[in-house]
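2 protein chains.
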Amino acid sequence: MSQPAITDSSSLDSLSVNSIRILSAEAVQKANSGHPGMPMGAAPMAYVLWTKFLKHNPGDPQWPDRDRFILSAGHGSMLLYSLLYLSGYDLTMEDIRNFRQWRSLTPGHPEYGQTPGVEITTGPLGQGFATGVGMATAERFLASKFNKPDFNIVDHYTYGIVSDGDLMEGVSQEAANLAGHLKLGKLIYLYDDNHISIEGRTEIASTEKLRPRFEACGWHVLEVEDGNDLKSIEKAIQEARDEISRPSIIAVRTIIGYGSPNKQDKSSSHGEPLGEEELKLTKKNLGWTEEPFSIPDSVLEHFRKAQYKGQDLQIRWHKLVSEYRRQYPESAELWREWIQERLPEGWENSIPAFKADDKGIATRSASGKVINSLSPILKNLIGGSADLAPSNKTLITGEEDFKSPEYNGRNIRFGIREHGMGAFLNGIALHGGLIPFGGTFFIFSDYMRPAIRLASLQKIRVIYVFTHDSIALGEDGPTHQPIEHLASLRAMPGLNIIRPCDANETAEAWKIAINSKGPTALVLTRQDVPILDRAVFSAASNIAKGAYVLRDTERAPDCILIGTGSEVHIAVKAAELIENKGFRVRIVNMASWRLFEQQTEEYRKEVLPPSITCRVAVEAGSSFGWERYIGSVGAFVGRDDFGLSAPPEELYKKFGITPENVANTTINLLSKNK
Amino acid sequence: MSQPAITDSSSLDSLSVNSIRILSAEAVQKANSGHPGMPMGAAPMAYVLWTKFLKHNPGDPQWPDRDRFILSAGHGSMLLYSLLYLSGYDLTMEDIRNFRQWRSLTPGHPEYGQTPGVEITTGPLGQGFATGVGMATAERFLASKFNKPDFNIVDHYTYGIVSDGDLMEGVSQEAANLAGHLKLGKLIYLYDDNHISIEGRTEIASTEKLRPRFEACGWHVLEVEDGNDLKSIEKAIQEARDEISRPSIIAVRTIIGYGSPNKQDKSSSHGEPLGEEELKLTKKNLGWTEEPFSIPDSVLEHFRKAQYKGQDLQIRWHKLVSEYRRQYPESAELWREWIQERLPEGWENSIPAFKADDKGIATRSASGKVINSLSPILKNLIGGSADLAPSNKTLITGEEDFKSPEYNGRNIRFGIREHGMGAFLNGIALHGGLIPFGGTFFIFSDYMRPAIRLASLQKIRVIYVFTHDSIALGEDGPTHQPIEHLASLRAMPGLNIIRPCDANETAEAWKIAINSKGPTALVLTRQDVPILDRAVFSAASNIAKGAYVLRDTERAPDCILIGTGSEVHIAVKAAELIENKGFRVRIVNMASWRLFEQQTEEYRKEVLPPSITCRVAVEAGSSFGWERYIGSVGAFVGRDDFGLSAPPEELYKKFGITPENVANTTINLLSKNK
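Sequence lines, in order, name chains A and B. Per this note's numbering: the first sequence = residues 18 to 691. Per this note's numbering: the second sequence = residues 18 to 691.
Read the hints as simulated data drawn from the structure, not as lab findings. If a hint is listed, it holds; no wrong ones were tucked in.
Just so you know, same-sequence chains aren't split out, so a pair can sit in one copy or run between any two.
Taking lysine-lysine pairs in the DSBU-like style, the calculated list, with each CA pair at most 30 Å apart, reads:
(1) K476 x K671
(2) K252 x K226
(3) K670 x K47
(4) K226 x K283
(5) K420 x K226
(6) K476 x K386
(7) K420 x K283
(8) K562 x K372
(9) K252 x K69
(10) K689 x K622
Take these sequences, add in the hints, and give me the full structure.
Structure (C-alpha cells):
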C-alpha cells in the first residue's frame, strides 16, 4: 500500500484525528516506552466512533446505559487515554504526561478501576474481544428482563477495537463462535487491519480470510478500504448498528504509525517511541504546529461536546427511568438493586442446610443444590458450563437456555470453550448487574487461566465451579487429574480458592463467593464425601476464616492434621487412629489459604500454634507451597507426580493418601521429635 | 437424523466395523467407566483409514516413516486400543480387558509411551488437532532436508480423528490457521461429526459452518454424508491424500453410540457404559453373536494383514534407505543421528563463553547468541516465537522461514498463537528427529499451559524460551508482569524450569535443555544483568545441579542468601552490605528447583545446611513455595501482589526488591535469632 495523501489538516476532522495521533506519540516519547503505531493508525476509526456514535457521558463514566468500549488491542492504550482526555473525562493533560509512570492514571495498558472511563483491563491479546461477548450478553439479558414497551431502559451497544493479534488468538474464535450463535447484534468490533505484527507483515504467519471465517460464525462482515476515510468508516458503523441480528466486525484497512514518514507501515512503529527526530518529522508531515502536549481549542471544543451531549442523554434516560419507576415500581426496584450490586435481604436463608450423613454427597452435587436454592432469590445469578453441565451440576432447573431472540434464559451453553467462557464471565461481571458463574473440570482451569488472571487483576466477582478436583476422578487418568492446580492457582494474586469438605461448607463457600468483591474458585469433588455432624465438629460457617479448628482435643494437642476438601475426611479418620495410640490430635480444615491469610495474626496462631510443630497436611495434589503451614518439621501426604488411570479407591491406596498413611506419618513424626 | 439401516452384518467389512464397536463397548462396560459412543460412531472411518490407507507396521511402532495417527478425541480411547489390538500391535485381549485399570496398557485416555502404537497423549480437547500440525511440519522439514530424487525416505501422512470439542476449542483455530498457511497437504483430519456433546445436541452451543471456517484458513474441506458408508469414506480419504497443497478435513456425519438401540444419537452414550442390558440389545441389533471379548477369526485375519503388509512396507523402505546410504552417506548418517536423537560429538563446544562484565547483557540476548552458536552444529534445532522473535531473540540468523513449498527454513513464524505454538512444539518433538523451541513473554505461558502440561506428561524434549520474566519489564504493567508464574510452573510435575542469572548460566541452561528427556522452560530477563566473574564466583556449570553455592565465606556462614535469575545480583550486592556489618554470608543461586531436588540429600544439605536457619530468598515474584527453602525462620523478598506500570528501577525500589532491603531483612533476622 503506497503512502496515501495526507488528509487536509485544515479541517476540524483531520485536526481532531491528528490530535489523537500526536498526543499518543508525544506521551509514548515522553515515557520513552509504549506503542505509538496503533493509536496513529486507528485514530480515524476511533474518532468517528467516539464522536458520532458512542453513547457516553464523560461526566459519569458509571452511567448504566452507556455504550461499552473495549480497546482489545490494549497496547494502544494512548489511543484510549487520548480519547478520554479529549472527550472530557476526569483525566488531565498532566495524567497524559505521566503515561506509564508509578501510580499514574495512565498505565501502560488500560486498567479497569484505575482510570475513569476505562471499562476493562486489556493487553493480553484476544481477551478484550472475548470479554465483549459477555458484556453484550449482559446487556441483552438485562434488556430482556427489564425493558417494557416504550421503556428501553437497557439499550446500549458494545464496541471494540481489535487487532490482528486478537484475531489470531484462539480465544477470539471461541468467542466469535458464541457471539454469532447468540446473534448478539449489538456487538460491533472495528478491526484495525494494519497488516503488521511485531515480526513483520502479518502474512508471514497468517493468510486466513476474515470474511468467510466470521461469516461461518454468523457474523456480519464489513470492510473499509481506507482507514483514513471518515465517511466510509461512519457508513460502515451505521450499517453495523442497523444489523441487529448478527454481531458485526468491520475490517478497516489502516496504516500502523500513520503520519510517521520513516516508520509508518512498519513494525518499528509498533512497540517503541518514534524517537525525538521522527516525532518532529511526523508533526511536520501532518502539518502539526502545536506546542508539545497541547491541543487546539477548536479540537477540544469539538470533542467535548460529548460532555453536554452525554449529560443530555443521561438526563433523558433518567427521565425515562423515573417514569418507568412509576409504572413498574417492582421492576425498577429490582433493577436498581442489581445495578447497585446489592443482594436482597435474607438471600442466604434460601440456602439449604444439609443433614449429617456418613455417605454424604459430592460437593459438586451440593453446589448444584445451592445454585438451585439461590436461583429463585438471586434472579441475576446466571451461568453455565463449558459443555459439562451434567457433571459440574451447574444447570438452573426450570430456566431456559440463554438464547436468541428471547435472551431471558439463565443457563448459558458455553460449548467446549473454557477460555472463551472465562473471558465471557469477565464481561458479564464488568458490565454490572449480574452474578456470573461458569463450570468445567478443575483440570481445564488451565485452558482459561489468562481470563482467570484478568478477573483477579480487575477484582471482579466471577464464580468458577471447578469440579472433579483430584485424582479421585479415577479412570480418566492423568490428563484429567489435577495435581498442581491448587498450588498454581493459590499462587495467583487476588483469586480466592475454596475447597470445601462437605455439603454445608459448599453452601458456605457459595455465600462467600457471592459476597466477594473478587473472583472465587470453588474446587469441588466428583465423588461423594460425608456430611460432617456439626454437633461433633465446629460449624461449617468457620470456613469464612479460611482455616479453622474442625475438632480439637481437650488439652493441648500433640499434633495437628491439616486437610482440605475430600481429604479432610481422611484426616478425621487418621485422627482416630492416632488417638488410639494415645496422642492428642487437632484437626484443621484449611479450605481457603487466601481467606486464612487475611485473618489476624492472633487468629492464625490460635489455629496453628507455632509451638506445635508436629503437623501433617493431607491433600490429593501437589505438596508445593504446603511448607508454609507444615513448617520445616511437618510432613505432607499427597501426590507430586502425575496421576494414573485406575479406579479412585485404588489410586488413593497406591499413592498412600489414606488414613493409615497419614496416621503412620504423624506417629513417626511424633516419635522422631520426642 | 432417523436411524439408518443396519449395515449388512454378513460382510467382512461390517463385521470388522462391528468388532471395533462391540469390543469398545465391552471394555467400557467391564471397566464400568469410559466412553463407548465415540468408538461406536467412528468405527467405520477408523476401519477404512487403518485398513486401506494407514502406512504402519504393527511389528515396529517406531518405524520412522510410518504415518502418524492421532486420536484427538482421546476419550474414545477404546477405538484406538481396538484398532491396535485388531491390527496386531503388542497389545493382548487381556490388556483390553484391563481397560482403565492400574498400570494397564489401556489407560482411560491414550498415553504416549505407555502403549505400543500410541503416538500421542490426548484427552484435553483441541490438543491432538493442534499437535498434528507440528507432526506434519516435522515431516515436511525432514523430507525437505533429506529426500533426494528417487529417494523419498521421509514420506508419510499425519492423520487424525477430531471431534466437535476439538473444533470448538480455540487452539484448533490457531492450529488450523497455521496449517493452512503452511499448506501442510499431508495433514488429514477426519471429523467425527456426530452433532452430540455432553450437554446435548451441539447446536445448543455452536452453529458455525465448518466449510467456510476451514476454507478461510486454506483447508480442503470434504464431507461424507453417511458415516457408515465405507465407500464414500474411502473416496474422501483418497481425495484428501491427492490434494497435496492444502491440509484436509473430512466431515463425516456419524451417529454417536451407533448400534445401541436406546442410546445411539444421544449424549447418554458419550461418557458412561451402555449398561449390561443395553449392551446385549446392541449386540442383538448389530447381529453380534460372539462371546464377550472375542473377535471372529475372519476379522482378526483381515485386520492383521497389516502385520505383513507393514513388514513388507518397512522392508522396502529399509532397502531404499540402504541404497540412499550408499549414494548419500553423509545425509544418511545425519538422518540416522537425528532419528536416534543423538547429538553430534562436541556440540557443546560451539557455545560461547561470555566474558565477565558488570554491565552485562540480558539473559534473553545471551539465549539468542546461544541459539545462533548452536544452530550451525545442531541443524535440527528448529523453532520460533509467537510473534515476539525480536524480543525473545529466537531468530536463527541466515536461516529461512519455515514455509511452503521449500519447507527448509528453521525459523517458524507461529503468529500470535501461544497455545497453538505449544501444541505445535509437542508435535515436532513427538514426531522425532528435531529439537523444537518456542518463545513468548513469560506471562503468556498461561496461554499455552495445557500444551506445556502435555509436554511434561509425555516427557518430550520441548524448549520454551520465556523472556521478560518479571516486573523488570516495567512500563507494560501488571498484564505483562509475571508474578505467580514461577511458582505455578514449578508446581507442574515433569517440567524443568531454569532461571539463569547471567549469560554463562544461560548457555549452561541451553545445554541442560538439549540434553534433557523432558521439557525445559528457560526463564530469561528482558533487562541487562551483569556477567559474573567466575574467578570470584563458582562455575556457571554448577546450575546443572539446580542450586549451588555461588560464593561462600571462609568460615561457617551466619546466613544464606538465595536468589534466582536477575535477583542473584541483588543478593550479591546485599551480601556485601551484610558483610560490612560483620556477618558471614553464603550466596546460593537456585536456578532450578527441580534439578536441585534431584540431587542427593547430602548435596542438598551441603548447599543449605539445616543448621543455618537464617535464610533470605530474593526473587522478583511470588513467595509461594519458598518456605521449602527458607524454612519457618527465613524471609522472602519479592512481590506477592500484582505488579504495576512504571519504569523497572522504580518498581524494584518501591516494592523493596533491593540489596538494601535484602540486607536489612537479613540483619533483622540475624539479630532476632541471636
